Amino acid sequence: MRLWIQAFGLVVVIASAIQAKVDLVTLPTRDTVQLTIYNSADMTLVRESRALTLKEGKNKLQFSWANTLIDPTSLEMLAKADADKIDISDLTYPPRVQNLGLWNIKSGISGKVPVEISYLTSGLSWRAFYMGTLTGDEKTMRLQGYVVVTNNSGEDYENAQTRLIVGQVHILDQIAELARRQYPYGRPGEIVTTEQLGREFRVRRAEELRETVAGAEPAARPSMKPKEIKKEGLSEYFLYTIEGTETIPNGWSKRLQSFDVDQVPVVNLYKYEEERYGPSVVRFLSFKNDKEHKLGDTPIPGGTLKVYRGVGDKGYLSYVGRSAFKYIPVDDDVELNLGAVGDVVVESKLMDYKTDNLRFDRNRNVSGWDEIRSFKIEVRNTREIPAKIEIQRNFNTPYWTLTKSGDFGQFEKVDVDTVKFTLTLEPRSAKKFEYVLTMYHGVRQEDFTRGVKAQIKETAK
Amino acid sequence: MSGKRNKLMLTTIVVLLICSGMVQARIKLVALPERAATVIRLDNPQATLIEEERVLTLQQGRNSVDFSWKGVSIDADSIRLRPLDHQDKVTLLSVSYPPNEAALVWDIGSDGDYAETVRISYLLSNIDRLITYKAVGDKAETMVDLTSFLVLRNFSGEDFDKARVLLDYGEAFEQGIAHEETKQMLFLKADKVPIIKVWKFDAAILPWDPEKLENKNVGIPVSYRIVNDPNSKLGKFALWGGKARLFQDDGHESTIFLGEDVTGLVPVGEKMELYIGDSRDIVVTQRKMRDEQINLIKNNDDKVVLFNTDEIITAKIENFKDSPAVLTMIQHIPGQWDMEECNMKYVKKDASTVEFEIKLPARTQAGPATKELTMHYHRRNVRP
Amino acid sequence: MKRALILTLLLMTSGAQAEVDLVTLPSREKVQLTIYNSADLTLVRERRNLTLKKGWNWLQFMWANTLIDPTSLVLEPLEQKDKVEIQQLVFPARLRELGRWLIRSETSGQVPFEITYFTSGLAWRAFYMGTLAKDERTMRLEGYVRVDNNSGEDYENAQTRLLVGTVHILDQIAELAKRQYPYGRPVVGGEDGGGYGGYGFGVSDRKGVPILGQVGGRSNVIDELGKLELKVIKKEGLSEYFLYTIEGTETIPDKWGKRLLSFEAEDIPVKSLYKYDEERWGPQTIRFVAFTNDEKHNLGQTPIPNGDVKIYSQADDAGYLSYVGGTGTKYIPVNEEVELNLGPARLVSVEPKLMDFKTENYVFDTKRNVSGWDEVRTWKIEITNTRTLPIEIEITRGFGTAYWELKLDGQDISYQKYDVMHARFKLNLGSRSKRVFSYTVRTYHGEREQSLTEQNIKSER
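Those protein sequences? They're chains A, B and C, same order as listed. Mapping of the first sequence onto this note's numbering: position 383 corresponds to residue 383, and the numbering continues sequentially without gaps. Mapping of the second sequence onto this note's numbering: position 132 corresponds to residue 132, and the numbering continues sequentially without gaps. Mapping of the third sequence onto this note's numbering: position 178 corresponds to residue 178, and the numbering continues sequentially without gaps.
Chain A extracted, bound-state conformation (with noise of 0.2 Å):
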């Protein structure tokens, strides 16, 4: 709202729109761009580089953006040469008007300057996704990744140098929201909320920079190999970078392999436990992210995994199960849950249950006793490889102890109420064990805490 006065003999004074249209220096094409593409969350890093002419004293650079989502707040410039007789004093919002920055420069020469203009955008995505080739035997592995990038965001991206991020970023706000809102910072007093303006982003080419990116320079002569990945490690993340620019136009996708590796030693490893999986075995592909099983490298990135294992002579493959990775660090142990299985089966049987050593209180109630359960566990391997077999039982209590017997190959207690039997079966063979296992309720919890517990721990033995 705007007083104009009006009365004798005042002058009245119109203000100009935008103080910004005076002395603007011409913002010419990019000469290079660098897109950092995260994916674990909707963000992307772009470096631009661009020769700006500047001359002596004030120089006004106005920067604007349509179709496309950048926020507003992180933009930044910065001076590559003669940085220290440059001076970006202040970035400027105008009034009333969107996309739009405009930089105050102080400049002690006149002539060209690279600078390096960076800011933060939404639309671009990459994920990792995998394929696994079992050998007939199902001993090794070949292991191939590949990375999708995708570009929804408005903007044509050519020839641009292109690295993915690995990790888990923490950020505050969606770009996509900082970049629609009305007013860059927000207004004082107000939640910031996403503005919905209605204007959606369309796909098709976007407009920048009031000039278009024509005129490109031809490309590169092809190679004549597919592009390599480099993968180094940057504080809590991993940084690939594509080697090379990739030009990657609104809308598109690109696939590029990430590593392709063959024979890795994989580990047929069958789970039951009845709480999580119910009565079907449950198999899982093991092996390590280390250079004993051809990797360890980096880090293997989360993705969905397709495996398939080799039939015949003639390299016909036959599809196994899907899975997916989480992020596996180098050096630790990967577990690919393939599914039920139906050709190793671990039947567990309850075959005797009494009660004992009832305790009475003074009121000749009931005060304690024990159960006592004897199980018999047999297990089927009817593949035509070896198998190795966990079994995890769970009580719901502390207050047990254990006699086992017969082929229950190795037994591990894996915290106060889990026991788990390790067993390694070879191809067409049976095993059987039994255990008696025996809880203490009531006041005989007492018995176990004070000393019974040592005296059961020398006869289990």
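One or more of the hints may lead you astray.
[To be verified] Straight line, CA to CA, 20 Å or less: simulated SDA-like cross-link-like pairs of lysine to any residue:
no.	chain 1	residue 1	chain 2	residue 2
1	C	310	B	298
2	A	413	B	373
3	B	298	A	140
[Stated by the list, open to error] To list a few chain C residues with every Cβ distance to chain B over 12 Å, as calculated:
no.	residue
4	144
5	171
6	243
7	266
8	384
9	417
Hints were generated in silico from the structure; no laboratory data involved. These numbers were taken from a predicted model, which means no experiment stands behind them. From the three backbone atoms N, C-alpha and C, an ideal C-beta is built for every residue, glycine too.
Mind docking chains B and C on chain A? Use the hints.
Using the frame of chain A, we list chains B and C on its own:
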């Protein structure tokens, strides 16, 4: 700005001369005084105090001065006028508020003809400042170049051509800012501020056993810690709260974005912790291995009324990174307790919290660096 | 169209009341307004000179577009009281905003009269501005009153008095003024509740009764130019009220408002105090400015009416100010203490931490159930002052029970037993400093409460 580029659109001052017998007093215009010096004080987030100086042409006798502020959010009660040149000769007699107008009329008595400089002060809303930070860390993550930006937001309805802007501290600076304009300025620059990287596992917040999760990673939160003291090239004044974005030099003449966090006010001597993201290269597997009741005390009905416990917790920590790290692990034990045995040193943060600083070497050819914590403690006098 | 009150003296010819001889009456000689702030009520006293003739005189009093309570109209002669008698006041049928007095006069000629009535629409409120000195030990306090005239009538040259105090009224003046019949109507078959209950308030439709004898326009006539001094407001006590009389007369046209300085006191010694009490204000430290309305504090002449207070402080030596905060204050009698709550403090923080907790001294009853115990807590309190001035802070801690015993771990502070369940600590901190102290509190529960009582009795002996 020259006198012609007069951007006084919204607050106007009109000086009137009243001679006896004149009735239509509010309209006659003599001269339009310009704002001489304006001070915008942004040290209170609730309201901004504006003090502006104007030169009024006063005549001997009574003068009526009209001050209006249409479309500007000024608190009418807070408006004050103070003569500066001839304080004892110029007196403010009364203040009147005309109907249905964002305006007031000052009745000023003067015993002579003066061009009097007066200071007008008032509280203005919808104009304030924000602070944002940008930190660029080196590759080794030992220090950052810290910059802080001051963002001025002016939605008060008033344009300011050139004003002196003051905050709680620091130098005043000259700026102009129009209504609905937002301005971002470089405010503070400190290079090579030392930082400490902190990985924190809080057993009350994060899941204990990654195996029990269906194919999901547990991320250990990672923060950068900066101390606001002279050793860190800071320490001159408190750092205001605001959003901080962190980047890292990637060694290829470029940077990557590490994460962002919001910080509260950090007084001198205190720490700022910025949470960047989660690390999935450090894995903690924590399990309770013993949980028994001992020393039971019973009542006449043989019910337990008081007991102690015997508990053991183990935590396996694996570092899959190729560089060493220090994990801060926080464990919680409620009520009254004492530690029987613990294989690592800890600090008691409060009655129910203990903190461990566990140094993890980098992984080797043989695999990740592993350390195991075992805490054996008793809780006393527990009531069922 | 604002001149609303008209007095018309009707000359009675014998018999026929209907013939009216209108005599132009002089305007008000004097007007006195007494405005109440606790209710929408103003007592108006007008003085007029009437020319009476011997015998019966009718005096008609009309008002339009202004809210007057007809039941409050009183007419009194100021001279020749023995010769003039006010016989009755008639509110004619079907006429509103009109009253007629019947006067019996033994004399003829000019007689000064006083008319009093209650009107609505004038209001006043007080507000204050305090300016703290740089060291925050003294404060300058300015009290203002703002008078707003929404009565529908212009008041020129009225002696204006403002009344502080809560007055008890039965009916709102504005409602009485709008009633169709001055005293309402009898209720059909109903109880007589003093004559005021249950009558419909007919919403008057004032259709602009032509007003005779109006002096045109809103004028802002200023009285003698010679008087260029600031008006003084005189204050005196009357019954339960305080009366503020504004020197001279005021002219407030309809719909205008006026601000006047009520008092100005310099160098009021104040105490800048911080308080921390979790039960009252949560985990925040609250800032207070305290002083007393008495002579020692350069105040104390009158009570301070309730109103908003805004506190500023001297920012630098050039006289510039900084806004500290605002609050409202209630009515403050003479010699009472004032504590202005300026809200949460940003630069002073208090952090209590429970460092140790244990229980002991369990007592059992005959059934061997737990019947009593002690809880021992060790608290560490950390206070940080980031201001450049020293501060005084008061910390209140509650224990949830009346049975407690506190021991301080340190000699340099002490505590005061504030009430049965709370202890209070008072500390001073220098500028930009931190202070830490700790204490151990033992609370007694159940049967153990008795043992504390016994302990106290023993120690008293």
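Verification of the supplied hints:
Between residue 310 of chain C and residue 298 of chain B the alpha-carbon distance is near 64 Å, which puts this suggested pair outside the 20 Å criterion. Under the criterion of a C-alpha separation no larger than 20 Å, the hint pairing residue 413 of chain A with residue 373 of chain B is consistent with the structure, at around 17 Å. With a C-alpha separation of about 62 Å, the suggested pair residue 298 of chain B and residue 140 of chain A falls outside the 20 Å cut-off, and the hint is violated. Listed as a non-interface residue, residue 144 of chain C fails to keep its Cβ farther than 12 Å from every Cβ of chain B; the least gap is roughly 8 Å.
With 12 Å as the threshold on Cβ separation, the claim that residue 171 of chain C sits away from chain B holds: the shortest Cβ distance comes to roughly 28 Å. Against chain B, the non-interface label of residue 243 of chain C holds: every CB pair exceeds 12 Å, the least being about 20 Å. With a least CB separation of 14 Å from chain B, residue 266 of chain C remains clear of the 12 Å interface cut-off, as annotated. Some Cβ of chain B comes within 12 Å of the Cβ of residue 384 of chain C; the nearest lies about 7 Å off, and the non-interface call is violated.
Residue 417 of chain C, annotated as away from the interface, keeps every beta carbon of chain B farther than 12 Å; the closest lies near 24 Å.
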